[in-house]
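Participant: Use these hints to put chain C onto chain X, whose structure you have.
2 protein chains.
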Amino acid sequence: MQKPNIPSFIPPRRTLMGPGPSDVPQRILDAMARPTIGHLDPAFVDMMEQMKALLRYAFQTENALTMPVSAPGSAGMEMCVVNLVEPGDKVIVCRNGVFGGRMLENVKRTGGVPVVVDDAWGAPVDTVKVEEAFAANPDARVLAFVHAETSTGARSDAQALAAIAHKYGALAIVDAVTSLAGIPLMVDEWELDAVYSGSQKCLSCTPGLSPVTFSERAIARLKARKTPVQSWFLDLNLVLGYWGSAGRRTYHHTAPVNPLYGLHEALVMLAEEGIENSWARHAHNHEMLRDGFEVLGLKFVVDQHYRLPQLNTVYIPAGVDDAAARTRLLNEFNLEIGAGLGDLAGKVWRFGLMGHASRTENIDYCLSSLKQVL
Amino acid sequence: MQKPNIPSFIPPRRTLMGPGPSDVPQRILDAMARPTIGHLDPAFVDMMEQMKALLRYAFQTENALTMPVSAPGSAGMEMCVVNLVEPGDKVIVCRNGVFGGRMLENVKRTGGVPVVVDDAWGAPVDTVKVEEAFAANPDARVLAFVHAETSTGARSDAQALAAIAHKYGALAIVDAVTSLAGIPLMVDEWELDAVYSGSQKCLSCTPGLSPVTFSERAIARLKARKTPVQSWFLDLNLVLGYWGSAGRRTYHHTAPVNPLYGLHEALVMLAEEGIENSWARHAHNHEMLRDGFEVLGLKFVVDQHYRLPQLNTVYIPAGVDDAAARTRLLNEFNLEIGAGLGDLAGKVWRFGLMGHASRTENIDYCLSSLKQVL
Chain X
1 MQKPNIPSFI
11 PPRRTLMGPG
21 PSDVPQRILD
31 AMARPTIGHL
41 DPAFVDMMEQ
51 MKALLRYAFQ
61 TENALTMPVS
71 APGSAGMEMC
81 VVNLVEPGDK
91 VIVCRNGVFG
101 GRMLENVKRT
111 GGVPVVVDDA
121 WGAPVDTVKV
131 EEAFAANPDA
141 RVLAFVHAET
151 STGARSDAQA
161 LAAIAHKYGA
171 LAIVDAVTSL
181 AGIPLMVDEW
191 ELDAVYSGSQ
201 KCLSCTPGLS
211 PVTFSERAIA
221 RLKARKTPVQ
231 SWFLDLNLVL
241 GYWGSAGRRT
251 YHHTAPVNPL
261 YGLHEALVML
271 AEEGIENSWA
281 RHAHNHEMLR
291 DGFEVLGLKF
301 VVDQHYRLPQ
311 LNTVYIPAGV
321 DDAAARTRLL
331 NEFNLEIGAG
341 LGDLAGKVWR
351 FGLMGHASRT
361 ENIDYCLSSL
371 KQVL
Chain C
1 MQKPNIPSFI
11 PPRRTLMGPG
21 PSDVPQRILD
31 AMARPTIGHL
41 DPAFVDMMEQ
51 MKALLRYAFQ
61 TENALTMPVS
71 APGSAGMEMC
81 VVNLVEPGDK
91 VIVCRNGVFG
101 GRMLENVKRT
111 GGVPVVVDDA
121 WGAPVDTVKV
131 EEAFAANPDA
141 RVLAFVHAET
151 STGARSDAQA
161 LAAIAHKYGA
171 LAIVDAVTSL
181 AGIPLMVDEW
191 ELDAVYSGSQ
201 KCLSCTPGLS
211 PVTFSERAIA
221 RLKARKTPVQ
231 SWFLDLNLVL
241 GYWGSAGRRT
251 YHHTAPVNPL
261 YGLHEALVML
271 AEEGIENSWA
281 RHAHNHEMLR
291 DGFEVLGLKF
301 VVDQHYRLPQ
311 LNTVYIPAGV
321 DDAAARTRLL
331 NEFNLEIGAG
341 LGDLAGKVWR
351 FGLMGHASRT
361 ENIDYCLSSL
371 KQVL
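Line by line, the protein sequences are chains X and C.
Here the UniProt record's numbering is used: position 93 in the first sequence is 93, and no number is missing along the way.
Here the UniProt record's numbering is used: position 207 in the second sequence is 207, and no number is missing along the way.
One thing to keep in mind: the hints can contain errors.
Same chains, same label: a pair holds when it works inside one copy or across any pair of copies.
Stated by the list, open to error - Derived lysine-lysine pairs resembling DSSO-like cross-links, with alpha carbons at most 30 Å apart:
| # | residue 1 | residue 2 |
| --- | --- | --- |
| 1 | K167 | K129 |
| 2 | K90 | K129 |
| 3 | K226 | K90 |
| 4 | K90 | K108 |
| 5 | K299 | K226 |
| 6 | K3 | K347 |
| 7 | K371 | K3 |
| 8 | K226 | K347 |
| 9 | K3 | K108 |
| 10 | K226 | K108 |
I should point out that these hints are in silico values taken from the structure, not numbers from a laboratory.
Note that the coordinates shown come from a computational prediction; the quantities given were computed from them, not determined experimentally.
Next comes chain X alone, as it looks inside the complex (with noise of 0.2 Å):
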């Protein structure tokens, strides 16, 4: 067989202000090239040890079970449902944007049986439709719903869904996949049970890993199942043998060594940034970004009350063509933003304020490009 005549990849030099993945600082970038080192090498699991410490105060949580996966968001997604959702149960779940459909998808192929909280895209879920969904199914044994919805910039109050859920005996999982690091998420304060996030958003790290966190409830699930767990890459009770306990290690998988690196160098830094002083950032340059909006005369899609920060929601004004803008600002200005996803695909931009592109410089880059093309 002839063997192809491929070059090394060099990447063009982009700035990166749509969904994810967010510009990646060069300190990051340096530590993914340090030398890779075995899995199971005393010097990983000290560093593995860190990273168990590091993420637990990015999550603001105590939980012994938090951790990365060794996989995108949505595999993050995937353990929590799998681990938690035994054929039968019922879920109530709540859609107001893609990955809440996506949550409702991995229940049904969980066995689980779902109960579907229907919010307009752009909303955030509605507490009250919550409340009546456990009033008629009493018998719900997990509430799954979206933080920070990606696909439309709203933000969901997950202390009182948690709230309601806990109410009726019932765990809940959150996608807080563009949250982490950009918005307060306090997992013990507000008694989450079952967190997923993504390396690639307000950690500014390369995508391809997962932080998640179990809560001792959520624990005490998984111990009473009477199924197996049906992903074995997945199975939290593989997965902990590995990463629970730094004294009793067994072998599950590879983990992904650099891509780790890469995470423990992005939750340092946020550890010297201080997680409060990375939320007013994201606060504040949200202001910056929207005051710009307000001069270019573009629209918000969700209202102020519900607003994420780090994902900033636009209509694309009318007479616009959506692909051809998006393309110049990539091709001449190498400026990435987001096109709308599912009942938004078309109709919206999305500008990303996330981790290292949530900066005054990209900021005026962005608007000042997207003056010129628009």
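Facilitator: Only chain C this time, still in chain X's reference frame:
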């Protein structure tokens, strides 16, 4: 919550001669540190198309469906099983080491009905037993086996095994985690149907990605399924929309951009060397190591006819403390070798000569270090 005071992680520089990860060349590490771009960027899409061509060369196949799974080899295994096995399907699973046992576990969790063919650890899969298993179970729909058992270092006859499966109308799922690029693996010539591998073995990339390839027969089986695939993340029907055709790419999950840069570079390096040269290098270097082991009086677990050149398993000499010797190698010589797994734990050592680790200087260093420790 108090913020953790944890510095950047600076790994030690090791020589990796265990069962993987293997030594990663600086050129691949440098590739991983290039600027992150979006997973839907046209430049990234071009890179993905190149990646598919490079992987086809590595697998020696024309299979259209050839791509890297965004997770480690364990997830590649699970992808093959959950897509090609439906509840109630009879599956003949060959177990001659840890990874055959893991395939069995995956088949069970997918609702398949396993028929296990056991062989001794260190022996290849016995084709006569497999033929007998099919004769007794002509309705079996899948044969699952490991081409190169990482836990023992034994090579099985993938071509002969696949031919038996096809005689009975069954598909062949093949674990090629340790074989890819280290010994001949002819996916088309041998008519293998679903093959998964890992980035961190003879490709010398960092761990975390699993190259896979599927034949037209496998795709036909997938399309004829009566039940949905139980995993959302690993559902080939969905993954195909993303990796399938450059023209009409749809968002599935966020691809691990920078790790894919690394795999791309590893595959470019393989093509530069030429895969036949890579196989020859692995074979030749094995002989050097074997000669050195003979001088040291170390005995191989696997008969020379079935021995993998890239994974050399030897019995620990009588009177030598397994853990203490490996700890000395690591601490004094920065040399990682592999412990025994499963039935062979405490009895053997595994020496990897994989990819970039398959070099004269590594062999010399390994033999001289070992001499001082024994």
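Participant: Now tell me, hint by hint, if it's right for this structure.
Facilitator: Now the hints, each set against the structure:
1. Only within a single protomer do K167 and K129 lie at most 30 Å apart by alpha-carbon distance; the minimum there is 15 Å, versus 57 Å between protomers.
2. Taking CA atoms no more than 30 Å apart as the test, K90 paired with K129 passes inside one copy only; the shortest distance there is 16 Å, against 45 Å between copies.
3. In this homomeric assembly, K226 and K90 come within 30 Å of each other (Cα to Cα) both inside a single copy, at 15 Å, and across copies, at 24 Å.
4. For a Cα distance limit of 30 Å, the shortest separation of K90 from K108 qualifies both inside one copy, at 10 Å, and across copies, at 24 Å.
5. In this assembly of identical chains, the alpha carbons of K299 and K226 never lie at most 30 Å apart, being 50 Å within a copy and 46 Å across copies at closest.
6. Taking the closest pair of Cα atoms, K3 and K347 never come within 30 Å of each other, the shortest separation being 44 Å inside a single copy and 41 Å across copies.
7. Neither within a single protomer nor between protomers do K371 and K3 lie at most 30 Å apart by alpha-carbon distance, with minima of 47 Å and 41 Å respectively.
8. Within a single copy, K226 and K347 get their C-alpha atoms no closer than 46 Å, and across copies no closer than 36 Å, so neither meets the 30 Å cut-off.
9. Neither within a single protomer nor between protomers do K3 and K108 lie at most 30 Å apart by alpha-carbon distance, with minima of 44 Å and 39 Å respectively.
10. Proximity of K226 and K108 under a CA criterion of 30 Å is satisfied in both settings, with 18 Å inside one chain copy and 15 Å between copies.
Taken one by one, the earlier hints fail for this structure at numbers 5, 6, 7, 8, 9, listed in ascending order.
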